[in-house]
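Q: Between the sequences and the hints, there should be enough to build the whole structure, so can you do that?
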Amino acid sequence: MPMIMGMSILLACQTLGELVARGLTLPIPGPVIGMVILLAVLLVGGGVPQGLRLTGEGLLRYLTLLFVPAGVGLMVHGTLIGRDLLPILVALVGSTAITLAVTAWVLSRLQVRFRRERG
Amino acid sequence: MSVAPLDQLWVYLSGQPLLSLLATLLAFLLAVRLNRLVGGTPLLHPVMLAIALLIGWLRLVDLDYATYFEGAQFIHFLLGPATVALAIPLYDHRERVRRLLMPLLLACVTGIVTAVTSTLGLGMLLGARHETLMSLAPRSVTSPIAMGIAEQIGGIPSLSAGLVLLTGAIGCALGPFILRLLRINDPAIQGFTLGLAAHGFGTAHAFARLGAVAGAFSGLAMGLTGLLTAFLLPLVTRLLGLD
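Chains as they are written, first to last, in the numbering used here: chain A, 48 to 166; chain B, 688 to 930.
Just so you know, the hints here were simulated from the structure itself, not pulled from any lab data. Every value quoted in this text rests on a predicted model; they were computed, and no experiment measured them. Each residue gets a CB set at the ideal place from its N, CA and C atoms; glycine is no exception. Treat the hints with care, since some could be wrong.
Example chain B residues on the side facing chain A (calculated, C-beta under 8 Å, incomplete) [what the hints assert, rightly or not]:
1) Val771
2) Leu809
3) Ser830
4) Leu853
Partial selection, computed: residues in chain A whose CB lies under 7 Å from chain B [as the list claims (entries may be wrong)]:
5) Val79
6) Leu86
7) Leu89
8) Leu106
9) Thr111
10) Pro116
11) Gly120
12) Leu139
13) Thr143
14) Ile145
15) Thr150
16) Leu157
17) Gln158
A: Structure representation (structure tokens):
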């Protein structure tokens, strides 16, 4: 039964997250709030039950597969993408490269300074 | 025993969720194999390959996306619990996260502002339409969040989801190269950067290629970026007068 227990915990957190998101009309999706809730529960409870680890890590291992159905939806937008192909491509590639470089650089700088300040 | 004609069988099968569910799994398996065959290059990301295979197949057998999604939604649904499960690696590495919390938050805000302004800037410069621009804006955020944001600021949610995936694949292709160029060897920084710029794709890449620490930080970056962008982006578009 550990897998069923694990899945139940994940779904319970997601349900709670959806309720919070809907109830407070937050612009944040329920699963993300569910993640925060699960993290809080784990921090309070002081450990990850084995069933939860089994199910959770299993799902995370195949995370990329889960994006496929939404991605096939690109086929519906063929014409729109075709009309704005150049700006879309340049913005995607250019901005992703800039974002990667800036984030990595800023974080490594901050980390070095942070370590020095702490001694 | 009477044998049903083939076209009748096809009519039955194509109306069933079973077929698209099976096709999705097979396309993914095939894509992973193909990717390995060409040396596991991130330029041909298995997910993009699987998506291309499926779109090709759907066009070939003349099935529309709505019918396909009736079956594939069972896989899509698991994105929810998988997002929740990101709390597990975060919990495992909580000490390191706590120690680095301030630098991580600052880097996250910088990264988000960079992503949004460079996307909108490049898009506007090249004359993208308003709805395209608004669908592009949340592109570095994990797709369920991006879809919500796009709807809020006047983009097309499903187009956003697709652009988010393309961003993920591009981030996985460019990420290792850029990290090497900047001589970043710390798996925590590598993971965080990938998770911020390439959401779930980056996180999956970090888990698979860079190990559990990188994966945990990547998951953290993905969650934080999603949360913060949901709040920041509507403000940025308003500031730029793009409402």
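Q: Work down the list of hints and note, for each, if the structure agrees.
A: Verification of the supplied hints:
1. Val771: holds (4 Å)
2. Leu809: holds (4 Å)
3. Ser830: holds (6 Å)
4. Leu853: Cβ of Leu853 of chain B sits 6 Å from chain A, so the hint holds.
5. Val79: Constraint on Val79 of chain A satisfied, holds at 5 Å.
6. Leu86: Cβ of Leu86 of chain A sits 4 Å from chain B, so the hint holds.
7. Leu89: holds (4 Å)
8. Leu106: Status holds, d = 4 Å.
9. Thr111: Since the shortest Cβ distance to chain B is 5 Å, the answer is holds.
10. Pro116: For Pro116 of chain A, the interface hint holds, since the closest Cβ of chain B sits about 4 Å away, which is under 7 Å.
11. Gly120: Holds, because the Cβ-Cβ distance from Gly120 of chain A to chain B comes to roughly 5 Å (cut-off 7 Å).
12. Leu139: Check passed: Cβ of Leu139 of chain A comes within 6 Å of chain B, closer than 7 Å.
13. Thr143: holds (5 Å)
14. Ile145: holds (5 Å)
15. Thr150: holds (4 Å)
16. Leu157: With Cβ-Cβ at 4 Å, under 7 Å, it holds.
17. Gln158: holds (5 Å)
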